[in-house]
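Trainee: Listed here are the chains, written in short residue letters.
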Amino acid sequence: MTAIDNGVNVQALLDARDVLKGTPEAAQFTWRASSTWQNGVHSTTRIQNFYGLGAEQNHKSETVFEADHPEVFAAQDNGITPIEYLLVGLASCLTAGVASVAQNRGIQLRSVEATVEGNHDIRGILGADSDVRNGYNDIRVAFRIDADASQEEIEALVAQSQKRSAVFDALTNPTDVSVSVS
Amino acid sequence: MLTERSIDHVVLERGEVANSWRRERWDSLRLLTPNWQTGLPGLRYDGPDPDGYLTAIELAGFLDRYAAFSGAPVRTGTTVTSVRRTGDGYRVATDRGELDCRAVVIASGACNRPSLPPFAAAVPPEIVQVTTFDYRRPDDLPDGGVLVVGASATGVQLAAELRRSGRPVTLSVGEHVRLPRTYRGRDVLWWMDASGVWDQRHDEIDDLERARRLPSPQLVGTPERATLDLGTLAAMDVELVGRWAAVRDGRALFSGGLRNVVALADLKLDRLLGTFDDWARSSGQESATPPQRPAPTAVPPSPRLRLDLCGGEIRSIVWATGYRPDYSWLDVPVVDPKGRLRHTAGVVDGPGLYALGLPVLRRRRSSYIHGIEDDARAVVAHLAGHLAAAA
Numbered sequence: 001m002t003a004i005d006n007g008v009n010v011q012a013l014l015d016a017r018d019v020l021k022g023t024p025e026a027a028q029f030t031w032r033a034s035s036t037w038q039n040g041v042h043s044t045t046r047i048q049n050f051y052g053l054g055a056e057q058n059h060k061s062e063t064v065f066e067a068d069h070p071e072v073f074a075a076q077d078n079g080i081t082p083i084e085y086l087l088v089g090l091a092s093c094l095t096a097g098v099a100s101v102a103q104n105r106g107i108q109l110r111s112v113e114a115t116v117e118g119n120h121d122i123r124g125i126l127g128a129d130s131d132v133r134n135g136y137n138d139i140r141v142a143f144r145i146d147a148d149a150s151q152e153e154i155e156a157l158v159a160q161s162q163k164r165s166a167v168f169d170a171l172t173n174p175t176d177v178s179v180s181v182s
Numbered sequence: 183m184l185t186e187r188s189i190d191h192v193v194l195e196r197g198e199v200a201n202s203w204r205r206e207r208w209d210s211l212r213l214l215t216p217n218w219q220t221g222l223p224g225l226r227y228d229g230p231d232p233d234g235y236l237t238a239i240e241l242a243g244f245l246d247r248y249a250a251f252s253g254a255p256v257r258t259g260t261t262v263t264s265v266r267r268t269g270d271g272y273r274v275a276t277d278r279g280e281l282d283c284r285a286v287v288i289a290s291g292a293c294n295r296p297s298l299p300p301f302a303a304a305v306p307p308e309i310v311q312v313t314t315f316d317y318r319r320p321d322d323l324p325d326g327g328v329l330v331v332g333a334s335a336t337g338v339q340l341a342a343e344l345r346r347s348g349r350p351v352t353l354s355v356g357e358h359v360r361l362p363r364t365y366r367g368r369d370v371l372w373w374m375d376a377s378g379v380w381d382q383r384h385d386e387i388d389d390l391e392r393a394r395r396l397p398s399p400q401l402v403g404t405p406e407r408a409t410l411d412l413g414t415l416a417a418m419d420v421e422l423v424g425r426w427a428a429v430r431d432g433r434a435l436f437s438g439g440l441r442n443v444v445a446l447a448d449l450k451l452d453r454l455l456g457t458f459d460d461w462a463r464s465s466g467q468e469s470a471t472p473p474q475r476p477a478p479t480a481v482p483p484s485p486r487l488r489l490d491l492c493g494g495e496i497r498s499i500v501w502a503t504g505y506r507p508d509y510s511w512l513d514v515p516v517v518d519p520k521g522r523l524r525h526t527a528g529v530v531d532g533p534g535l536y537a538l539g540l541p542v543l544r545r546r547r548s549s550y551i552h553g554i555e556d557d558a559r560a561v562v563a564h565l566a567g568h569l570a571a572a573a
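Those sequence lines, one after another, are chains Z and S.
Be aware that the first sequence starts at 1, since it is given in the working numbering, and climbs by one per residue.
Be aware that the second sequence starts at 183, since it is given in the working numbering, and climbs by one per residue.
This is chain Z alone, in the form it adopts within the complex:
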């Protein structure tokens, strides 16, 4: 176990799990993003602070995301489309999970590559066919993992990563979303 290092501090996570079992209120996090309309379908979203462990928290620095639509949508393409950000979230969440589970199971990773594809019928958002949903019809994630482990162990890593993934859950299960205007 000690020889392998995927750069994940699993001990800290296991310690946090033990502490938070007894203090569920400290486990309540709120993630935040603030968005400003620029022009057309271009907007800029900034993320810096969040709430957790009973206090306001800050990322080391602010991250700025540009979202737009591509030119085939008659837009300026100042950034990726909002629905592509879901792919960013899913790929990075599952990859983080693979690294963490591998660390916990004593598996040394050498490389982890993921390709994510979401199939999207845009007749939904265009209102061209009321039977077509707005969001993805399905999403496929393909991992290529080089590690000191058998094929079965690697498959188990990927399965466990899905089981504990926040974004996988958010995409596969409904979430109550409320939108208000002030």
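Bear in mind the hints are in silico, worked out from the structure with no lab data behind them.
Where hints are given, some of them may not hold.
Claimed, not checked - With a cut-off of at most 30 angstroms between alpha-carbon atoms, the simulated BS3-like pairs for lysine-lysine come out as follows:
hint	chain 1	residue 1	chain 2	residue 2
1	Z	Lys21	S	Lys450
2	S	Lys450	Z	Lys60
3	Z	Lys60	Z	Lys163
4	Z	Lys60	S	Lys520
5	Z	Lys163	Z	Lys21
6	Z	Lys163	S	Lys520
7	Z	Lys21	Z	Lys60
8	S	Lys520	S	Lys450
Said to hold, decoys possible - Not everything, but these chain Z residues come out facing chain S in the computed CB check (under 7 angstroms):
hint	residue
9	Glu155
10	Ala159
11	Gln162
12	Ala166
13	Ala170
14	Thr172
15	Asn173
The C-beta atom is built at its ideal place from N, Cα and C for all residues, glycine as well.
The hints should help you fit chain S onto chain Z, whose structure is shown.
Mentor: Okay, now just chain S, sitting in the frame of chain Z:
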């Protein structure tokens, strides 16, 4: 065991002996364990079919025999309404009077009430809803489609029998445990027993809380010793969908994570069979049939994510979503916020209080009938020590 130690005791039973087996289960239910495994201290199954599986009524008969055989002082028709701490013991109030005692063994089990998700209340009223407490047989349900929720032993058994009754069946599948009925010519529970998996102690289990709330494995006890897993059900035209997550606008919404719960169960099964094979090799266990791995479970290419509950496709819902214990009568602060008894290997977090007959109480074997013998011996030894120390 209490009699052997000359400890005065009574056994309180709200109904009759084996009450829940007689009154709170469905008609076709059989034990998951083969008869040769069915035994209580001093009395083993001795019938003509050691490889068969007792029906619930046969098991009730076996428990009747055991009550007579052991001469246990059972007071039937006595419902406990409260247990309170007194100076040096407990006061047990029942609907037939009070008892004072120095120790209490809680053996009321983990399956007293059905456990339903909160959105069950949002299901349209025209759909008939039953739990595994009320369900007896397919004829109890209206004709038409049935949505069975949960893929434990109960869920897969009821899905299969409802499908055989001619009804279209949809099965909502969350995390589950896949097992073949037989492996390399033996009952799979023979392997669990012989290879030592069931001997695993509570303090050797990585995630004990998870082990204790694991759904029962997908097994059924039939004379044919047939396997009943998701593949079997799919071949019977049972439609598989993901875990039921919510009701919105009169529609059931299912998780899109079906593929992963199926992959987890397949991978876990392969690892378990690998454990059996390793044990067989190292213990020189002869077997005519070589190691084998069941094919991965085929998941439908695009499982449905939504089901209209108002359109008439589904006429009834069977909730096979598990059980909860009921400790509402226990006026001692030994129940955790999730309603489970706080105990270590059957020794409850209160002097003179004990538990028996809970999942993975001391070992994995504790979840099964024949697991009670070692558990009872250990718990009674502790109890006797407690009485001696207090005396």
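Trainee: It remains to establish, for every hint, whether it holds in the given structure.
Mentor: Against the structure, the hints come out as follows:
1. Lys21/Z with Lys450/S: holds, 26 angstroms
2. Lys450/S with Lys60/Z: violated, 40 angstroms
3. Lys60/Z with Lys163/Z: Holds. Lys60/Z to Lys163/Z sits at ~29 angstroms (cutoff 30 angstroms).
4. Lys60/Z with Lys520/S: Answer violated: Lys60/Z to Lys520/S is near 38 angstroms, above 30 angstroms.
5. Lys163/Z with Lys21/Z: holds, 19 angstroms
6. Lys163/Z with Lys520/S: Answer holds: Lys163/Z to Lys520/S is near 22 angstroms, not above 30 angstroms.
7. Lys21/Z with Lys60/Z: holds, 27 angstroms
8. Lys520/S with Lys450/S: holds, 27 angstroms
9. Glu155: This interface hint holds because 6 angstroms falls under the 7 angstroms limit.
10. Ala159: Because about 5 angstroms separates Ala159/Z from the closest Cβ in chain S, which is inside the 7 angstroms limit, the hint holds.
11. Gln162: Where the cut-off is 7 angstroms and the nearest Cβ of chain S is about 4 angstroms from Gln162/Z, the hint holds.
12. Ala166: This interface hint is violated because 13 angstroms lies over the 7 angstroms limit.
13. Ala170: Result: violated, 11 angstroms to nearest chain S Cβ.
14. Thr172: holds, 4 angstroms
15. Asn173: holds, 4 angstroms
Checked against the numbered hints given earlier, this structure breaks hints 2, 4, 12 and 13; the rest are met.
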